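Residue-level listing of the chains:
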Amino acid sequence: MKFAKIFTTLAFIAMLFCGCQSKKEPPENGIYYWRTTFSLNDYEHSFLQKHNIKRLYLRLFDVGLDMQNPNVASPIATLRFKDSIPQNMEIIPVVFIDNEVFKKIDMTPYVSRICDRIIKICKQNGVTNIRYIQMDCDWIKTTRDQYFTFLQRAKGLLHDKGLKLYATIRLHQLSETPPDVDKGLLMCYNTGALLNEKTNNSILAASDVNLYAKHLSKYKLELDVAYPAFSWSVVFREGKFVCLLRGFDTQNQNIKLEKSNIYSVMQSFVTQGQELKAGDKIRVEIPEYQQIEKSKKIIEKRIKGCSIAIFALDSANLVKFNENEIKEIFNN
Amino acid sequence: MKLRKFLTISCLCFTALQTFGCGPYSYEPSDYYLFRLTPDTDIYNLNKDTWDYYAKRNQDIVNLNITEWQKLVGSNAKSNDVYEVVYKYLETDIARIESLFGKAKSKDTLLRNSFVQHIVRVKDKQALEYLLFAKMCERYRGISIDDWDYPSAEDLKEQEEMLNLIMQKASTIKQNRFSDRYAFQALRAAFTFQNWDLCLKLWNENFEPMKPCSIRTLAEDYIGGLYYRKGDYVKALSYFARTDLNPQNYKCCLSKINEKFTMEEAFAIIYKHDCNALALQYLLQTYGTALETNRSWESYNEPCYLCSVKKSFHALEPAKQKQYMDLHSFCLKAAKDNQVANRAMWQYSAAFISLMCGDIEAAKQETKAGQQMKPNENLSDKLHILYVITEAAGSSFEQQNEQALLQNLRWFEQKIKVNLPKEMTKKGHIEGSFGNWSTYYYNDMLRKLLLGIVIPKYIAEGKNLKTLLLTGYTTELIANLSGYRKHSQEWNEDFSTDIFVMMDTMPVADVQEYVATIYGNSSDSLINYLSSFCYKNKDYYNELIGTKLMREERFTEAAACFEQVKKSYWTSMNIYPYFTYPIFDDANLIRRTSINPKWDYKLKYAQEMSRLKSQMLIMQPSEEKAAVLYRYSLGLIAAEHKFSLTKYGKDCYISYSIYQGNDSVSSEKIDRLLAEAGDMTKDKELSAKCLVARMKMKDAEISDNYWGDNDKKRGKAISKSLYGTLAKLIETKFADTRTFEMLSAQCDTYDLYRQIIYQKR
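Taken in sequence, the protein lines are chains A and B.
Each residue of the first sequence is one higher than the last, beginning at 0 in numbering that gives the first Met the number 0.
Each residue of the second sequence is one higher than the last, beginning at 0 in numbering that gives the first Met the number 0.
No wet-lab data here; the hints were simulated from the structure.
Warning: the hint list may mix true and false statements.
Stated by the list, open to error - Derived Cβ-Cβ restraints for the label pairs, each shown as a range:
1. B:W410 <-> A:N251: 55 to 61 Å
2. A:A315 <-> B:K210: 47 to 53 Å
3. A:A76 <-> B:K210: 36 to 42 Å
4. A:K300 <-> B:D148: 43 to 49 Å
5. A:T176 <-> B:A716: 48 to 54 Å
6. B:D325 <-> A:K213: 48 to 54 Å
7. A:K219 <-> B:K271: 52 to 58 Å
8. A:N251 <-> B:A152: 40 to 46 Å
9. B:M209 <-> A:A315: 40 to 46 Å
10. A:H44 <-> B:D196: 28 to 34 Å
11. A:N331 <-> B:D154: 39 to 45 Å
To be verified - In silico lysine-lysine, DSSO-like type, Cα no more than 30 Å apart, as pairs:
12. A:K81 <-> B:K271
13. B:K124 <-> B:K173
14. B:K332 <-> A:K276
15. A:K239 <-> B:K173
16. B:K229 <-> A:K280
17. B:K255 <-> A:K276
18. A:K197 <-> B:K255
19. B:K229 <-> A:K103
20. B:K200 <-> A:K81
21. B:K229 <-> A:K119
22. B:K321 <-> A:K280
23. B:K319 <-> A:K239
24. B:K271 <-> A:K239
Since the model is a prediction, treat every value here as computed from it, not as a measurement.
Cβ coordinates follow ideal geometry from the N, Cα and C atoms, glycine included.
Based on the provided sequences and hints, a complete structural model is requested.
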C-alpha cells in the first residue's frame, strides 16, 4: 500500500513534469517569398519539391508611413496572388514593419488592423494551414519598447484567434531581451555595414556571425534560423551610399570591373529609376556558400534541431548555388 | 558715450529688425521674403496670401466650368444657378428635373433655378443624363477606400463592374456634347481604382490633345497624382506645376524629390524634361526661401541685414554652400539658354543667390542683366527691388544718392498703394498689417531696404534727424495709405513700432527736432516727403518727450510737455490703468499698496519732482533738506522700479534685456541721495526710512541671488553685502523706530534675510 502510494505520487509528479515541458517542434525546411506578386516558375516549383520545403514564409505586405500623411501608417506593396498557394505546406504570413513608424507614431491602433488584414488576405486568397504569423522589423534601441508592446498586443490578439506569433530577430538584437512572442527566427544575414564603402560583402561574413553568436546560449526564445540566398548591388558616389539595386546586370556596357566585386561606372546611365553617374562605384554582393557554411557551424554549436529557412525563393538568385549546397544549408 | 549707447541699442534693435514688445507683433527679415517667384512665400509654411491665391485659382476653374456649361447647354442662366445644379444638387434632385419636362408652370421649387428652367424648357435630356451619371460617379467615388481594407473578390467584382459601366458609357457616348466629361468621369473612376494604365490611356486619347479648359486642367491634376503614386515625383511635380491647384501637391513632391535627389540633380532632371516647366519655378522658390530663412543666431548681431545674411551663408556646411554656388551657376546657364522662355527668372534667381552669399557687386550686375531680359511686369518689379537693395547695400553713406532714394521711395509708395487689398482700405487694418509686421510684399521690401540697409548707415553717421524721419516714414506709410488711423483700433500699436523704439532710445533733443520737422516745412525734398507720411499726434509726442526728459531729471521741461497732453489721451493710454503706484508713500516700500489711477499721474509727478529738485538746489543742509532729499529719492525709486513713469520697459511694452538695463538715473545716485539724507537728519524715524529705502534698492540681491541650499555660505555673502550692512545698521541703531517695526513685521525680503542669516528655515 505504502509502495503503491509512493509509486502513484512519483508517477503523478513525472506526468506533471512531462506536461510542463514544451515539446519542440520537429524542424522543417522553409523558404521566404518576398516578391510583390505571387507567381512561381517551373524552377521554383521544382525547388520546393526537391528540397522538401514544408514551410513558406509569405510576405503579405509592408507597413510604413503614409506617403501623403506621415502621421499615419499604411500598408504598402500588398502581395498580389497570381498563382494559388501550394497546398501541401505550412504558410507563415509575414508582415514587414518599417522601423520609422515606431519612431513617428503610436502603433497601438494598428495592431488589430494589421492582424485583421493578414487574416482577411489569407481567407480571400485561399491561404490555409496557418499556425503562425510573423512580424519583421529592424527595431533599434529607441524603438524597442514601442515594438515590443506592439508584439505583446499582437500576440494576445492572435492567440484569441488560435494563432501564434513569430518574430524575426537580427544578429545584433541577440544581446537584448527577446520580445514576448511564441517563437523567433534568427536572420543570419545582413551582418556587414552596408553603407560603408570599404565593406566587402555586407550580406554575410561568418566572422561577424561569430561576434554575435555568443549571446545565443543565453537567449531565452526558441529560434529558427534563416540564411541568405539573395544578392544586390550597392552604389556609392564619392564614398557615400547612393542606393541599392536588385538584379543588376553586370554586363552593362557603361560599367567596368575594377576588382573582385567592385565595378566602376564609366558613363552615366539610368537603371531601375536611378541615375548612375560616371565615377560611381557599384559593389555587387552575392552570399558565398563558404560563409554560409561557416556561419551555420557557428550557429549550430549553440542551437540544435531548429528549422532552417532560406531567404528567398527567387530562381535568379537560387541558381547561383548548386543542389548540394542547398542541401547542406537545410541539413541539420 | 550716450551716442554710442543709443547707437548700440538702435543697431541691436535693427540688426534683428526686431521691435521688442509685449504687443502682438514681431517681425524679422525671415518673415519678409525678398525672393518671390511664386505666390507661396514658403511652400512649407503657407500663409494667407497663398491660401487666397489658391482659393482664387480653384474658384477660377469652377467659374470656367460654369461658363462652359452655359455654352454647352446654350443657356444664359445665372452663374449661381448653374453652380447650384452642377455642384450642389443631389442625384435625387437631378432625377426630379426630368419629371418637370412639359410642366414649366409647375410650382416645384426646383424651377426657381434659372438653369433648371432652361433645361426643362428645351427638354435637354442629354444634359440631364450626364448630370445624373456624374452624380452617380460621385457617389461611388465618395465611398472611401480605406488603405487597410482588403476588398473581397465580390467587392472587387462590384468595383470592376462599376468601372466597366463607366467605361462603357464613356466609350459609347459619341457625338455627344458631354463626351469629354464622360471621359473625365471614367478617368476619375480609373484613378479611384488605381488603374493607372487606363488613366494614362484616357489622358492620352482624350485630354492631352484638348485645348485648355476646366476639364483638361482637372484631368491633368489627376495625372500628376498618378505619377506621384507611381513614385515618379519629378513628373508628378511637372503636372502639378501646370495645373497649380493645390500647394500641398508641391509639398509632397518636393519633399520626395529632396529625399532622392540633391538640389542640382533635381533641377537638372526636370530641366532636361522641360526647361520651361513651371515646376522649376517652384523648386527655385523652395530653395531660395530655404537659403533666405537660414539665419544663424550669431548673424543677428551683425550691423546690417546683408552682413547678417552673408554670415549665415558662410555658416552653412561647405557642401551646402557648394550646392548653392552650383545652383547659382546652373541659373546663369539657364538664363543664357535660348530655349528658356523666362530667362529673367533664372537671372533673378542667380542674382539673389549672389546677394545671399554677400557678393553684392555680382548681385547688382546680374540683376541689371536680368532687367535687360524683358521680364514680365511682376518679375520686373522683383528685379527692380533687388537692384535697389544691392545698390543701397553696395554704396557707402557718402555715395548714397538721396534724390535716387526719394525716387525709389515714391516708386514703393505707388506700388504699395496699387496693391493694397480692398479689405485693408475698408477696415483700415488687417491683423499683421501694422505694428511692424506686414505681409504685403512691396511694403515688406520697403521696410527691408530702409530698416535693414539704409537707416543703419544714417545711424552710423549720426544723422539722427533723417534716421528718425526714415523710420517714421517706414512705420507709418502703409497705415497712411490704408486709412488705418481713420478707424478705431482694438490695440494701440504706437508703442510697439520701430519709430517708437527709435525715439525712445535717441537723445531727447533729436526727438524734439524730429517732431518740429514733421510739423514744419523744409527746403529738403526728401525731408518734406518723409515728413508728409510720419505720424502726427502732438499728445503722443509730448507724452513721449516728457517721459524722456524725466529720465534726465529735467522735470520742469517734462511738466511743460505733459501740460500739453489732453486728458483724453492720458486715459486712452494702455498704461493708464497702471497709474496706481503711490509714489511718495514710503510705507509702500515695505507693504505694497495702490491708488486709483488718475489721468494727471505723470504730470503731477513731474511737477512735484520739479519742485523738489529746485528746493534741493537752493537749500542748505538741514532737516528740511533731508526730508526733501528723501522725498526726491522716493520719486526716483518709483521711476527706477516701476513702469508708467520714466520707462516703457519692465513688464510693459518693451522687455528686451538691453532696455531693462537702461537706467535713466542710476541706483548708485539714489543710494547716495538717501545716504546723504540719512546722514543729514537727526530724526531717527527719517534715518530709518532712508535705510529702508536703500535696502529696498538692494532687494533683488536677496531674492534672486541668495537662494539655494548652503545657508552658511549664503549667510556669509549676504552679511558682507550692502543689504546686510544696512540691515545690521537698522537693527542696531534704529530698532526702536516705527519704521523698523514695520520692516520686521511686513517685509518679505527682510524676513528672508533674517532666515538666511540666522538660519531659521
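Hint-by-hint comparison with the structure:
no., hint, in the structure
1, B:W410 <-> A:N251: 55 to 61 Å, "holds, 59 Å"
2, A:A315 <-> B:K210: 47 to 53 Å, "holds, 49 Å"
3, A:A76 <-> B:K210: 36 to 42 Å, "holds, 39 Å"
4, A:K300 <-> B:D148: 43 to 49 Å, "holds, 48 Å"
5, A:T176 <-> B:A716: 48 to 54 Å, "holds, 51 Å"
6, B:D325 <-> A:K213: 48 to 54 Å, "holds, 49 Å"
7, A:K219 <-> B:K271: 52 to 58 Å, "holds, 57 Å"
8, A:N251 <-> B:A152: 40 to 46 Å, "holds, 42 Å"
9, B:M209 <-> A:A315: 40 to 46 Å, "holds, 44 Å"
10, A:H44 <-> B:D196: 28 to 34 Å, "holds, 29 Å"
11, A:N331 <-> B:D154: 39 to 45 Å, "holds, 44 Å"
12, A:K81 <-> B:K271, "violated, 38 Å"
13, B:K124 <-> B:K173, "holds, 15 Å"
14, B:K332 <-> A:K276, "holds, 21 Å"
15, A:K239 <-> B:K173, "violated, 57 Å"
16, B:K229 <-> A:K280, "holds, 28 Å"
17, B:K255 <-> A:K276, "holds, 20 Å"
18, A:K197 <-> B:K255, "holds, 29 Å"
19, B:K229 <-> A:K103, "holds, 24 Å"
20, B:K200 <-> A:K81, "holds, 24 Å"
21, B:K229 <-> A:K119, "holds, 26 Å"
22, B:K321 <-> A:K280, "holds, 23 Å"
23, B:K319 <-> A:K239, "holds, 16 Å"
24, B:K271 <-> A:K239, "holds, 25 Å"
In the structure shown, a violation is registered for the earlier hints numbered 12, 15, in ascending order.
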